[in-house]
Amino acid sequence: MYKGGYTGKVLRVDLTSKTYKEEPLPADVAQDFIGGAGLTVKYLYDEVPADCDPLGPENKLIYAPGPFTGTTIPCASRMAINAKSPATGAVGVATTGGHFPVEMKRAGYDVIIIEGKADKPTYLWIKNGEVKFRDATDLWGLTTSDTQQVIKDELHDQNIRISCIGPAGEKLSRIACIVNERRVAGRKGLGAVMGSKNLKAIALRGDQQMTIADKEKYDAARKRMLEGMRKSPILYPEFSRYGTSTTLDLTQALGIYPAKNWTATGVFTPADKIGGYAIESRGMGKTACATCPVGCSQLRLAKEGPYMGFFTEGPEYETLYAFGGVTGVDNPDAIIACDRLADELGLDTMSAGVTIAFAMECFERGILTLEETGGLDLHFGNDVAMTKLLHMMGERQGLGDILAEGVKRAAEKIGRGSEKYAMHVKGLELPAYDVRGAKAHGLNYATAFTGADHNKGYAFQEIFGIPIPKPIDRLSYEGKGWLCKWNQDARTALADSPTMCVFLMDMAVADFMFENTANLMAGATGLSYTPEEVHQVGERINNLARVFNIKAGFTRADDDLPERLKTEPIPDGPSKGELISQADLDAMLDEYYDARGWTREGVPTRAKLEELRLGYAADALGI
Amino acid sequence: MKVKVRSIALIKSLLGGSDLEVDLPEGATVDDLMARLTAIGDPALASHLAPPQEESAHAPLRILINGRDITVLDGRRTVLADGDDVLVFIPIAGG
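From first to last, the protein sequence lines are chains A and B.
If you're matching positions, the first sequence starts at 1 in my numbering and goes up one per residue.
If you're matching positions, the second sequence starts at 1 in my numbering and goes up one per residue.
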C-alpha cells in the first residue's frame, strides 16, 4: 500500500445529476499504473465504452496528476487529461503543466472523473472536499484568459487555479484544447469533450500537503536527480534560456524541419528568421511551472509592425512549426500573435497550423477557390490570411467551420482529391519532425495510441543524438521497432505517469532514468519497483490503451503514415532523398509488433496481457 | 580535399558566423578537422571542440557527417571524404 505521494482519493462528478462522491484510489491500481496518464488510461478503459460517441454523455473527462506532483520533486507539476478523443476516436491522453496540477493535489485528489452532461453552461468550484456546480452562462463565449479572470473575481480569490475551454471547445471543434493559466493540454480535441458536457471550467483551491513515505530514500533520490540537472550541459546553459525554440535550428540543420505542408522540408529555411536564436530579441523573460527551477517557458512580445503588442508564453518549437514552417510563414511576430490567439480561442496550435497549411496547399492547387475561402488569399506564407483563418476556425465561421473539424474531416468534407494533402495519422495532425529522416520517430507517429503524437514515443536518440540506451542511426530501419517500443514505454512510465516534465528525462537523468523513477517512487510513495518494473508500467499502459483502441475499431491498417511520406522523398538538404516506403513501414511494423509480443495484426496476445496483469483485457478481446 | 562545415549558435559565431569550406589532406579524420577549426576560429573554440574527457549521455559537442551522427560512425576517428557535409554544434534538446 502507498504511504505517501498520493492523496488516496478519486473525485467522481456527475454533471447530469449535479452530484459527486469521493472514492479511494485502489493500492493495486496505483502500483500497476503509477498515476497521471497511467491512471487515466486505466479509468478510461474500465468506464468508457470504446464505441461511444466522444461528444456524447457516455464519454468521461479524466484528470490525473501523479504521485510526484505536489511534493518537492522538481518539475513535477504535470498532469494528464484523458477521454475518448473526438479527433481520433482513440485514447486521447494529453498532458499539461503550469500550476493547476499541484493545486489539484493540494485540493485533495489523485484523479477527477467528470461524467454526464450539464443542462446548461456550468463550471465546477472545488474546495475543501466540496464541489459546487456554478452557472457559467455569462462565461460562455469568453476567451480562456477572460474566463480565468472572471472566475477568480467572482470567487474573490486570485490564487484559484482554473482549467477551462475557449469558444472553440464550446463550439465542439475537434481540435479544441483545454487551457490552465497559459499552459495547454493541447491535442486530441479534449476541449470539445469539455464543451460537449456544457462544462466551461474547473476551478479549484487546496492546502493539503503531500506525505512523504520514506524521507531518507526520498532525499537521496531527489538529491541525485538535482545533481543530474546541475551537471547537464544543456538544461541550464541552453534550455533554460531558449526553451524548446532552438530545436528549430537543429531540425532545420538536419533537414527534417517540415515546411509548406511537408512539400519543402530541407528547402524552405526560416531558422534565421524564426529559429530560437533569431527570436531572442522578442524575449520578455521567462516563467516556470510550479516546482520547476528551470523555467523553459519563454515570454515573448511582438514589438513592432502590425502585430505589435501581442504577448505570449511561447511560441514553443511545435508552434513555430505550426504557424511558421508548415504554413510557410517567416514572420515571428505573426507566430507570436497566432500562438496567443489560439490559446485564447482554445485551439490546439499544432492541429490548427497543420490544418491551415492543408487549406493553403488546396488553395495553391486550385482545389479551394477564393470564393470558398471567403476572399482570403491562402498562398503559403500569407501571415495575415493565416491569422484571419485561425480566428474563423475558433468561431467556426465560413471555411473556418470546416477546418475546425481538423484536417482529416476537413479533407473528407472538401473532397476533390484533397485527402492526400491532409497530413495526419488516425486523425491527429503531424508534429514538427519530418520523420522521413528519423525512422523510429516515424514509426511512433504510425503506432502511438493517440495518433501522430511526438510526445508518446519521442525518439530523442534520432533527433538529439543522445546515445541512450545506445547510439542510433536516424536514417537506418534496423532495430527501429524495438527502439519505438522502448521509447513509448519509457516516456509513458517516466514522464506522463509519475508525473515529471519530459524534458528532464533526456536532458538530466538520461544515464539513470528508470532508476531515478524507481528511487523517487520508493521515497515518495513507499511503492517498490525495480528499474525494469518501472519500464514495464509503461508497457502495461501502452497495451491497455491498445486494447481500448482495438475495441474502438482500430487495426493494423490504421498504423500508417500519410501517402506523401511514403511516396515523395525529401526534396533537398541533409536528408535529401529520404522517405519511408510502404515496404519499409511494413517491415518496421512487423518488428514493432514482434517486440511488443503482439500478433502481426497488431493485437496483443493473451500471454502478453497476462504477463502484464491485464488478463481482463484479453477476456474483453475474446482471445 | 574540401569539406563543408556548418554550425549552429555559439559554435557558428565562434567560427565567424557562416558556413565554411575547409581544405584537408586525404585521409583526414574528424579529429583533424576539429584541430583545424580550432586553429582558424576564435580561441574560445578550443575548449568546445576538444575531445570529451569522460563518457556521458551528453557529449559536449555533437558532430554529424552527411546527416549521420559520428557516434554511429567511427566517432572522432571517422575518416572524411571530399565533399562531406559536416554539422558541428553544442547539443540541443527539448522539442
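Derived from the structure by calculation, the hints contain no laboratory data.
Ideal placement from N, C-alpha and C gives every residue a C-beta, glycine not left out.
It is possible that some hints are incorrect.
As the list claims (entries may be wrong) - So, partial list: chain B residues that the calculated Cβ filter (under 8 Å) puts toward chain A:
id, residue
1, Arg6
2, Ile8
3, Pro25
4, Gly27
5, Arg62
6, Ile65
7, Arg68
8, Thr71
9, Asp74
10, Thr78
11, Ala81
12, Gly83
13, Leu87
14, Pro91
To see whether the hints hold, each was checked on the structure:
1. For the restraint placing Arg6 (chain B) at the interface with chain A, the shortest Cβ-Cβ distance is roughly 6 Å, inside the 8 Å limit, so the hint holds.
2. The beta carbon of Ile8 (chain B) is positioned within 8 Å of a beta carbon in chain A (closest approach about 5 Å), and the interface hint is therefore held.
3. About 25 Å separates the beta-carbon of Pro25 (chain B) from the nearest beta-carbon of chain A, more than 8 Å, and the hint is not met.
4. Taking 8 Å as the C-beta contact cut-off toward chain A, the hint placing Gly27 (chain B) at the interface is violated, the least distance being around 23 Å.
5. Using the Cβ-Cβ criterion of 8 Å, the hint placing Arg62 (chain B) at the interface with chain A is satisfied: the shortest such distance is roughly 5 Å.
6. With its C-beta approaching chain A no nearer than about 10 Å, Ile65 (chain B) sits outside the 8 Å limit, and its interface hint is violated.
7. Of the supplied interface hints, the one on Arg68 (chain B) holds, with its beta-carbon coming within about 6 Å of a beta-carbon of chain A, less than 8 Å.
8. Hint status for Thr71 (chain B) relative to chain A: holds, with the closest Cβ pair at about 4 Å, below 8 Å.
9. Hint status for Asp74 (chain B) relative to chain A: violated, with the closest Cβ pair at about 12 Å, above 8 Å.
10. Proximity of Thr78 (chain B) to chain A is violated relative to the hint, the smallest CB-CB distance being about 13 Å (cut-off 8 Å).
11. For Ala81 (chain B), the interface hint is violated, since its Cβ never comes within 8 Å of a Cβ in chain A; the closest pair sits about 16 Å apart.
12. Checking Gly83 (chain B) against chain A by beta carbon gives a least distance of about 13 Å; that is not within 8 Å, so the hint is violated.
13. For Leu87 (chain B), the interface hint holds, the least distance from its beta-carbon to any beta-carbon of chain A being 5 Å, beneath 8 Å.
14. Residue-level restraint check for Pro91 (chain B) holds (minimum Cβ-Cβ distance to chain A is 5 Å; threshold 8 Å).
Hint compliance for this structure: hints 3, 4, 6, 9, 10, 11, 12 are broken, all remaining hints hold.
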